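> Take the sequences, apply the hints, and build the full model.
Below are the chains, spelled out letter by letter.
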Amino acid sequence: MVLTFTDSGIYCPAADAHIDPWRPVPRALVTHGHADHARPGMGAYLATEAAAPVLRHRLGDIALDTVSYGQTITMGGAQISYHPAGHVPGSAQIRVEVDGEVWVVSGDYKTVADGLSTPFEPVACHAFVTESTFGLPIYTWPDQAALAAEINGWWAATAAEGRTCVLGCYSLGKAQRVMAMLDPSIGPILTHGAIEGTNAVLRAQGLPLPDTVQVTPATAIADYPGAMVIAPPSALNSTWMRRFGAVSTGIASGWMRLRGVRRRRAADRGFVISDHADWDGLNDAVKATGAERIFVTHGYRQQFAHWLTEQGYDAGIVTTDYGGESLDEPTEETAP
Amino acid sequence: MKRFAALFTKLDQTTKTSVKVAAMAEYFRDAPEPDRLWCAALLSGRRPRRVITTTKLREWAAERAGIPLWLFEECYPVVGDLSETIALVLPPNTREDDASLSETITALRKLDKADEETRKAAILDAWDRFGPTERFVFNKLLTGGWRMGVSQKLMTRALSQATGIEEAELTHRLMGSWTPDSVTWESLIAAPDPGADLSRPYPFYLAYQLEDAPEDLGETSDWLAERKWDGIRGQLILRGGEHHLWSRGEELITDRFPELARAKDFLPDGTVIDGEVLAYTDGAPLPFARLQPRIGRKTVPKKLQAEAPVILMAYDLLEWQGEDIRDRPLSDRRGLLAEAVGALPPDAAIRLSPRVEADTWDGLAHARAISRDVGAEGLMLKRLAAPYLAGRKKGDWWKWKVDPLTIDAVMIYAQSGSGRRATLYTDFTFAVWKGNDLVPFTKAYSGLTDAEFREITAWVRKNTLERFGPVRAVRPEHVFEIAFEGIQQSPRHKSGVSLRFPRMARWRKDKPVSEANTLQDLQEMLNQYG
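Chains B and U are the protein sequences, given in the same order.
My numbering numbers the first residue of the first sequence as 65 and each following residue consecutively.
My numbering numbers the first residue of the second sequence as 109 and each following residue consecutively.
Simulated from the structure, these hints should not be mistaken for lab results.
Heads up, a few of these hints could be off.
Far from chain B, by Cβ distances over 12 Å, these chain U residues were calculated [claimed, not checked]:
1. E204
2. A369
3. R459
4. K551
5. R600
6. P620
Chain B regions said to be covered by chain U (calculated; three or more residues, Cβ under 8 Å) [to be verified]:
7. 191-202
8. 319-329
9. 362-375
All values reported here derive from a predicted model rather than from experimental measurement.
Note that beta-carbon positions come from the ideal geometry of N, C-alpha and C, so glycine has one too.
Here it is in structure tokens:
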């Protein structure tokens, strides 16, 4: 086996390294900087150059080596390379080759370009480890231009009514992607501290983000008429919201595809925008790898694996500790 | 359909009542009259008859989506709504359609007589002509499961804004057995003929639960106290030589309770009584559970009628000698009611709900305390000077229910909810101890906050022992205080009891499972209150 599935993470015996481990191990190959994939306590980390600043921002002083996309490094008996996953800036699929057999671990991915992350590239392999966060046919995403129009339309209408928009977005990736879609001519863009922290890191890397103003206890909303506030979803139900007076609230998430979820979050608007592949994206990605063996991880594992089996793949499910797209972020990112 | 779908979107995108009402009022002003009428019908629970089975809809949707039926069925519990599931799995529409709401419904109803091939072709064609929201709304029309997040009360308020007619008057006009086929916008809303529908009921007056101390209500002499009976609230109408019985849910239930057919032998035409339908023998009410078998049936077998004979316990008189007397004070209405029904023979099946006499609030509190012993849920307090209002209003009527019974139980099964709660575990089964075993005795769905439901959902995912279809057996680790209104013997339940209105009163994180109650405790409650 090129890779095995252990209690600590996905393990490569030939390289003696784990991919996205969830328990402390000596050597971690990390696909991207989200908290469920990059955890503290590893002996050494290997990630892409573009993912490194966020990893350092989140995990502090860690032993981190970097690679560029497509660069092959030899680790024991394995050839390892990182390839764009299109999930968030710096995110990668990890390709592992041992004695001519190629396995690819997708991490989290999406197949459509978001304008900020290096777009997903299919990697030919014998076995593909795929996520399945949105692995049901009810999940298909509208195109990004239509979404941008919808969000800007909501912003302009709300601003015209003299109210403030507050949009809940996951603070690494989603928030920046949404900001890049905003039309800054409508009004000022304000950010929650958790999001501005990530913004600073990504700006320093040269990613094009619009100008933003961080909300602090001294911020007077009257100084920012018609503002769009970008905050983690959990902040929408907190006392932090009081300072904004009359607001219209929105949440940006793939889960907003479902009316029930949208209504339960009691936000005024739900925007269907995800950094994970939708049903068509997952199927296209699996097909493009040319792999015969598919391992399905976090998400609708059983259903997607069953479907792939019916399509003629040798598909099975794998238990991991990844969260997929959550509406509730880990607490470390929601502190004001 | 586009305009109606746009209305739906507006209603769906806001939680603010004022915005919803404004959106509906605009529709009631601007849409074509047949569409307004259908909108009022749909939002007051009048649905077009179902012409296609949901089984067929599932098959056709899966086929059109290019997925196997099992995968469609996997999607359904995730979405929690069949119409939405279908709308989500279908490929994008390739055409557009400008048919109005009423035209779409008319076309649908024509399919009633068509063969299956024609129906399928028509539905697939419609799915391809409608955008995502229209498609969802169209599916709602097909399946009849209509809920739009708008109460009839809000719809009536919007209608009032659009027409300038008073809300209470409109509420009355919208009551009864009309359908969009039997009336027009003109004859129902704009210029109705009062004699057109002799069966039309008055809107029910509903009370809020008393929250403050009863002393705050002033003198007891200003109030009428009576038992809060536990049956079905009903309105008996005697007009044009016929009798009609309406439930509070605006369902005509005349044929289910033939006992009341004799009312017209004892009371004059032009009489309308508000009361409670109760199973009743030997001068005392029977528990609600005895009435229950009669509720679901359209007609009643003799045996069932003999086992659970019903009466109408009369609370109020709304119409007398053909005159609407709702504006008169309760003291007057009650006086007339007592004269009319106070001395009827038992076979009239109508009794006056007795006044609970007490000079002080303390005295009434004592009367309330024995409610369960006399088969009641508590007291009703009604201001003697008050008119009979429409709908749930604060101020003049209060229900003063006895505190619920409670028991501490262990959660053993969890199931996800539907609709708004589809991705949460919200439906739980609870058990009590019998020796070292946990015996399930009730389910409960409500009482927790959204945050608590999220917390327990995350816990359920991590602590599932076994799955049976959608149901998960979970580690017996959490104790909940279950509150309920009554307890009955039930041979159909493993525990031998069934509860009335069970809900989760509190999550007892402080209690270990060993301290949950026992089946013995439940049986003692049954002996005392059953």
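> So which hints don't hold here, by number, going up?
none
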